[in-house]
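Those sequence lines, one after another, are chains A and B.
Residues in the first sequence are numbered consecutively from 1, following the numbering used here.
Residues in the second sequence are numbered consecutively from 1, following the numbering used here.
Please note that a few of the clues may not be correct.
Note that the list lumps identical chains together, so a pair holds whenever it fits in one copy or between two copies.
To be verified - Subject to a maximum C-alpha distance of 20 Å in a straight line, what follows is the list of computed DMTMM-like cross-link-like pairs (lysine to aspartate or glutamate): (1) K51 x E281; (2) K68 x D175; (3) K383 x E371; (4) K200 x D141; (5) K68 x D133; (6) K68 x E176; (7) K253 x E222; (8) K68 x D185; (9) K51 x D158; (10) K68 x D169; (11) K200 x D133; (12) K51 x E244; (13) K200 x D59; (14) K253 x E155; (15) K68 x E177; (16) K68 x E168.
Derived by calculation from the structure, the hints in this document are not laboratory data.
Number of protein chains: 2
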Amino acid sequence: MSQNSRQFHLNAFLMGVGHHEAAWRHPRTEAHRVLDVAHFQELGRIAERGKLDSVFFADGLAVGPRIKHNALAVFEPVTLLSAIAVATERIGLIATASTSYSDPYNLARKFTSLDHISRGRAGWNIVTSAGADEAANFGVDGIPAHRGRYERAEEFVDVTLALWDSWEDGAVVLDEESGIFADPDRVHTVDHAGERFRVKGPLNSPRSAQGRPLLVQAGSSESGKEFAARYAEAVFTAQRTLAEGQQFYRDLKARVVAHGRSADQLKVLPGIVPFIADTQEEAEELERSFTDLISPEYALRQLSTMLGVDLTEHALDAPLPPLPPLDEIEGNKSRYQLVKDLAANGDLTVRELIGLLGGGRGHRTFAGTPEQIADELQTWFEKGAADGFNIMPPYLPGGLDDFVDRVVPILQERGLFRTEYTTDTLRGHYGLGDPGNRFTEELAHDVSA
Amino acid sequence: MSQNSRQFHLNAFLMGVGHHEAAWRHPRTEAHRVLDVAHFQELGRIAERGKLDSVFFADGLAVGPRIKHNALAVFEPVTLLSAIAVATERIGLIATASTSYSDPYNLARKFTSLDHISRGRAGWNIVTSAGADEAANFGVDGIPAHRGRYERAEEFVDVTLALWDSWEDGAVVLDEESGIFADPDRVHTVDHAGERFRVKGPLNSPRSAQGRPLLVQAGSSESGKEFAARYAEAVFTAQRTLAEGQQFYRDLKARVVAHGRSADQLKVLPGIVPFIADTQEEAEELERSFTDLISPEYALRQLSTMLGVDLTEHALDAPLPPLPPLDEIEGNKSRYQLVKDLAANGDLTVRELIGLLGGGRGHRTFAGTPEQIADELQTWFEKGAADGFNIMPPYLPGGLDDFVDRVVPILQERGLFRTEYTTDTLRGHYGLGDPGNRFTEELAHDVSA
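Based on the sequences and whatever the hints tell you, model everything.
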């Protein structure tokens, strides 16, 4: 067994019975499991068997156009991860939550609670909720402006980080003799008074085993990348080719450094949807068996949402109509750009485009043998396109089983991935140290002055 | 074994390592368990062993004056109950959440998620958050007015109930053959546009096994009782004497009927803090051993918060100073009234009052043998003061163990309490049927028209 000096990170991005649009209709899945918490606990245990860094559940605050063909979000992810936390020991637990439709105090509390329940394994994927359907559930008309969403997100995260610092390590004294439960000198108000939020603090929960939850982000717009460079510790990203992946990686790392952070404080994790089989031919056949089950009606709605253009009445075998310019898109700009690039390259019909997108909603699909998948990951890692990968099994639990049991051992054999956990926390798995505490540091300053 | 025609209900109100202020300092507890999710899972299993209807966790959105002597809320209760849900099978799971500092969509979603995780065992204790310390964490200055809080709560609950109806039973079709996941004709927008909220819907989660979570309430002000009469299905209440309990029970049931509901659609559950021992003398000695550990500094702060009067510099052995009139109190009016009554009856010093209040924060403390406690509960039930009880163990897990293993068998022997669960849902345990669905009823109307 060789031992590389550097190893990469693996997150399992889990969704219902699989990432593929039609996963729930495929014979390799049992559709009713989308409603069964035991299914999701099993997924957490499988990921932990593979020594993965973390599992991740995305979220949205509306049903959207998915009702008829796919209900993706039965469970709210933090409550779901709480149930997974107590069925596992080491795997990290990352959930999406929106800065546009919640309050810093509630969000900080919810994630700290998960962090206590899991003993330091919680992570927050920060989203700003672009959808008009989400806005309509919170009294907001139309699509909230991109810029305003990110400004709010920045102040939101600043407050949240302050609340997470409000209890220093060791503030919980538990001295039964003197009757002192907590040391009030180590519990701080945050007294935030900004443009959008006024929050006094302290948080009503002590600091967790990993200090605070890991910050994750996935936006790829200009504001998204700047936001990530400033705050994120891991970034999920959709890159289709090695060259694009390298370009994104260089760009983001340079921005991290420009923000005064060390480049390795942010881990870049491109997504991949792996179809795994004994031969490449069988893997491609497996992928086709999923594509054949995509509902065109559903796919047209998905595509319309991605592009902000109504295609639901569009002929399937006609080419994609002209798209509006990027700067008119208020939603997910990176998904939009991806579809535009794909369509421009291939002169594709809508049906062909749907097939390309169906597996991973814009993420890279890869069909191959375990060795081919391992080669691909190794290449991206060694050629500077990734610090690790966001594994998006097209069907569950089988697709995760196969990745863990067939691909991970090859990566371990090559020294590219851990064979045992070496830490107990999510921040530890990602090689991130103690996040520090503004209040503890101030105290240290006072002492040295 | 005799068999009464009517049986009562039992909820275990759980808090850290016990309800008593000084529980964490007592040799019968281990203080560090307040941070341990396994402790709370064990409490859920003990309550389930006793066939109790439910466990309940209160919550507040600020640390308040408790930091130094007691940190009560390490865990956010819904994430905590999610962890308990997967460690139990039948016990109901009730959590406090505030209508003042959350959105209906988020709250409806969170409780539905718990309801799915527990397969129909979730309940929501509706609070309106009276504290100025809570307000300051959400950009609100001062103590929010009583009236405004309840007006918001009404609209909030109306929207939440509509969202919970937005998916009809059977809306999830899961037809793999046709590719139909959900029937869009059975998933409805709610299109609420009120004074405080605009919410389009539908909720992004299907209807749960019990239809929707149980609604619980605990306010005892005029607005609180009216609110309960209109919405609540169970009410936690602090009544110190049988006569007061009977009066409250009659009053509330009359209000329920005045709102067009059947009296048994709301269960009245007075609180009791039981100190259990082999003899009454030993039980009283046990209670004293807890009272002796109360920190006067902490108790004065608690009392000041209850009364809205700063007593922190008040001499312990002096009588209580004159209190402001009830209508100037914006906070918890029932607690205020209780303290005022106690002080008026007894010409008590502050120290004596603290001892009386220390066990249950205003709830009735009862020290006795298992038989005496069973007698007391039976009397209240048979004399029309209760449909069941809110059991508040002064120390945990021992105080819950003793209630379940020593008092419950006596109640079962007398036919007053179930010997086995007869339903799988929280609503079922409380004898409440299917809550109905406005959309399904409309459909039924259409068909019969």
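Hints, verified against the model:
1. K51 x E281: neither (29 Å within a copy, 57 Å between copies)
2. K68 x D175: Result: close only across copies, 11 Å inter versus 57 Å intra.
3. K383 x E371: within (18 Å within a copy, 76 Å between copies)
4. K200 x D141: between (30 Å within a copy, 11 Å between copies)
5. K68 x D133: within (16 Å within a copy, 45 Å between copies)
6. K68 x E176: between (57 Å within a copy, 12 Å between copies)
7. K253 x E222: within (14 Å within a copy, 60 Å between copies)
8. K68 x D185: Classified as between; 9 Å across copies, 55 Å inside a copy.
9. K51 x D158: neither (32 Å within a copy, 46 Å between copies)
10. K68 x D169: This pair counts as between: shortest inter-copy Cα distance 15 Å, intra-copy 49 Å.
11. K200 x D133: Between copies only: 8 Å across chains, 32 Å inside a chain, cut-off 20 Å.
12. K51 x E244: neither (28 Å within a copy, 60 Å between copies)
13. K200 x D59: Between. Shortest inter-copy distance 18 Å satisfies the 20 Å Cα cut-off; intra-copy 29 Å does not.
14. K253 x E155: Neither: 23 Å inside a chain and 48 Å across chains, both beyond 20 Å.
15. K68 x E177: between (61 Å within a copy, 14 Å between copies)
16. K68 x E168: For K68 and E168, the Cα distance is within 20 Å only across copies (14 Å; inside one copy 48 Å).
Violated hints for the displayed structure, listed by number in ascending order: 1, 9, 12, 14.
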